[in-house]
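Participant: Residue numbers (my numbering), protein chains in the order written: chain F, 1 to 320; chain A, 1 to 274; chain X, 1 to 302.
No wet-lab data here; the hints were simulated from the structure. It is possible that part of the hints are untrue.
Unchecked claim - Okay, the calculated bits of chain X under chain F, using three or more residues with CB under 8 Å as the criterion:
1. 25-38
2. 42-53
3. 129-135
4. 219-233
5. 261-273
6. 277-285
Backbone N, C-alpha and C fix where the C-beta goes; we use that ideal spot for every residue, glycine too.
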Amino acid sequence: MTLQTIAPEETLIQSSQKFNLPRLINRLFYWLTVLLAVGVGVILLWITYSLLSIAFPAIAQFNIGFLFTQVWNPVQELYGALPQIYGTIVSSIIALLFAIPLGVGVAIFLSENFLPSKVLTPIAFLVELLAAIPSVVYGMWGIFVFIPFILPLLQLIHQWFGWIPLFSTSPSTRQMFATAMVLAIMILPTIIAISRDALISVPPQLRQGAYGLGATRWEAITQVLVPAALSGIIGSIMLALGRALGETMAAAMLIGNANRVNISLFAPASTISALIANQFGEASGLQRSSLFYLALILMILTLVVNMLAEFIVSRFQQVE
Amino acid sequence: MMNSSTYSDAIDNSAAGHPVIRTENVSIFYGNFQAVRNVFLDIPKNKVVAFIGPSGCGKSTLLRCYNRLNDLIPGARVEGKITYQNIDLYDPKVDPVEVRRRIGMVFQRPNPFPKSIYENIAFGARINGYKGDMDELVERSLRSAALWDEVKDKLKESGLSLSGGQQQRLCIARTVAIEPEVILMDEPCSALDPISTLRVEDLIHDLKQRFTIIIVTHNMQQASRVADYTAFFNAEAGETGSRFGYLVEYDKTEHIFNAPKEKSTQDYVSGRFG
Amino acid sequence: MSSPNQPDLNPGDFASSEINYSVAQGRKVFGNVMTGLVLFCVALALLPLGSILFMLLTNGLSRLFTDFPSVFTELPPPPLVDGGGFRNAIIGTLVTCFIGALISVPFGVLTAIYTVEFGQGNRLSQFVRFCTNVLSGVPSIIAGLFAYGIVVLAMGTFSAIAGGVALSVLMLPIIIRTTEEGLKSIPREVRQGLVGIGATNFQGVFSVILPAALPFVATGVTLALARAAGETAPLLFTALFNQFDARSLREPTATLSVLIYNYAIAPYKNQNELAWAAALIVVLMILSVSILARTLTSRKVY
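Could you build the full structure based on these sequences and the hints that come with them?
Facilitator: The following block contains the structure:
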């Protein structure tokens, strides 16, 4: 009994040319995967295009001035997004100011053997859990727990440092500063996970070399390990920044949606995504178009930040 | 430097008739790097041909051209002509999958599929269009790989649960099951212990009745034990300084080991190499 | 430099070793301070988590226990009405996530098969990697606006389908990455073996490689589902919300996350309580799915 497909008298070319279902399926399958692989790029373009096409009336109407005006008036159909752009960037930067030291500290802790791995593993798990909690739950926690808790503290800061413009208004229950702190908690897992990977992947010879020169553990960490892992850490910070810029729910629930720039961090503010979340439901016409214009700005902002992060992280992977 | 003329006598003397595979002036490149240069070599039917030589002499690289496995390596390129039953293997009309159905391969490290022992054999036969009695085929293939007695009670267990030697024989059984005409073996025993090695060598002897076998080996004793013909390859630095492999001598195995024509062959087979 | 316990010491040695001693003390203090700081960081990072979990358990559990079956079986209450549940939102979350998976799983798995099995680092697979990374950084609200633009406007109504499309955009990069990881974990020898027996790529991928990589794919799917289950922003303008059961996929659909949002910012205590209960359910769903993902990964073949 021989295999049917391989008749000995048939030459290779004959059997290659003969119709063969597996070969046809394979070819179709190949082109299907190519199609879908290209499709991933198409989706990105499609997203950009669909934002652009709906945003177009607003872009035509307000042009680049949209970015620099402080007005959001559906009645007169006048829109400008300066408060939102300002709020998005400032809240993200404040969030980073909190999250960087905290995140890098935890990353160092998790990459070193300060404690036996029996204790480290559950802590690493808990940090991952931090990433699993949905942003809307963070927002709710902010409303009911965090802001009531932090407000007296901010009140104190206002009393003592009220002469500094940043703290010049009495802390409001919906405000930029507390929102940024919640954002900081939300982006913490990103910084921790990637910084930790970067620290762990530093070649052990570097550490041994530092110890060989008589460095203490902390001298080795601060002068050898962290500098060696720096591009990974910076990449993690950029990715976290990307997350903070795009974060919607916590901002929408906590920041207070004030349509003007207020230099005081304790005053209500707004972000791009918060404004979209809050206004989109009732918006139509030029207002909706303006919201898409805003979304386009957010898309470009996060795209630039993420691509920069990608570039930095990929450089650290090459070194590795 | 080239000794392409020394091989031809050997084949003309053989009673094998027309060679199954002809290698005519084949050079193999990886990008700009030339791995193998100007090889002429004919493989007679139902014989065992061994490729021996030091590391980097291109013997495995050449072997992988016979079933177009080098197609999978980006940048790999073959010049010259390799024919199988007078058909150019690299003819654009030839489907490489079709080539591999006729020219099977056993690899250096045993690589059973993560499936049951039974499925490891049935899978290849099924995708090659076998419609007969599968149980019978599995048993026959396992018997011809001298593995049946060891596994007949655990055909449903994973192929990965076997020992290294058993895994390699399973891979041979898997190849036998698709009934190719030629079986390529790329150092099939290099990952095995001596006892498993002997079993595989015995197996090669048996398989010779039905298949043409080309075996790459580092082990000269193995070549002298199993092969009818032996090709000795060597490596040399080219003009640009990069090393390339070439065929030194190809003859009946006893000639290669007892009365080689080339000095470098003599040095290699007597262990005085390098 | 001689150490203090050497027998032949002269006064100068004492002086220098004393200086060394004080320097070492400074380094030690620095080390201890830094260790303390790092531990403080860990405590500070875990404090919010503890607080959130505590609040979820106290606020959520009490509501779940007092109204045990009704939370799961009743519809959301209007303002100022007591009781009620979120049966429609649970169903809605499951349905939208399922639609998201239905789109993103085949898409992502086949794309990963291209990049690993066919592309092998060529230009297109590098391009796909780049796009995947960019896509995973797209803010979730933009995924929502995208689905609004292409589904809601086209269908003329908010719907579970639109919600699923929005979620699929967010799930896709996760599935592509984990599937790629899984395919790459299959040893090269197995691929060679497949080629060696004359299997086409399609036969090899579907009968051997993908089954062996399945734990990774399953992990990717569960991780993506965990992400999708908690997402709110992409659903706000796609699935929207529905006070009642959605009778078809072409109707506005309630989801747990949007219910949490709506009821957390509402000024009514009953709705706030329901939001906490729903949050507890969502977090439990995400947790159990994530733990499932972990156990799946540990069952890998290679």
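Participant: Indicate, hint by hint, whether the structure satisfies it.
Facilitator: Structure-based check of each hint:
no.: 1; hint: 25-38; result: holds (count 8)
no.: 2; hint: 42-53; result: holds (count 8)
no.: 3; hint: 129-135; result: holds (count 6)
no.: 4; hint: 219-233; result: holds (count 6)
no.: 5; hint: 261-273; result: holds (count 4)
no.: 6; hint: 277-285; result: holds (count 3)
Violated hints: none; the structure is consistent with every hint.
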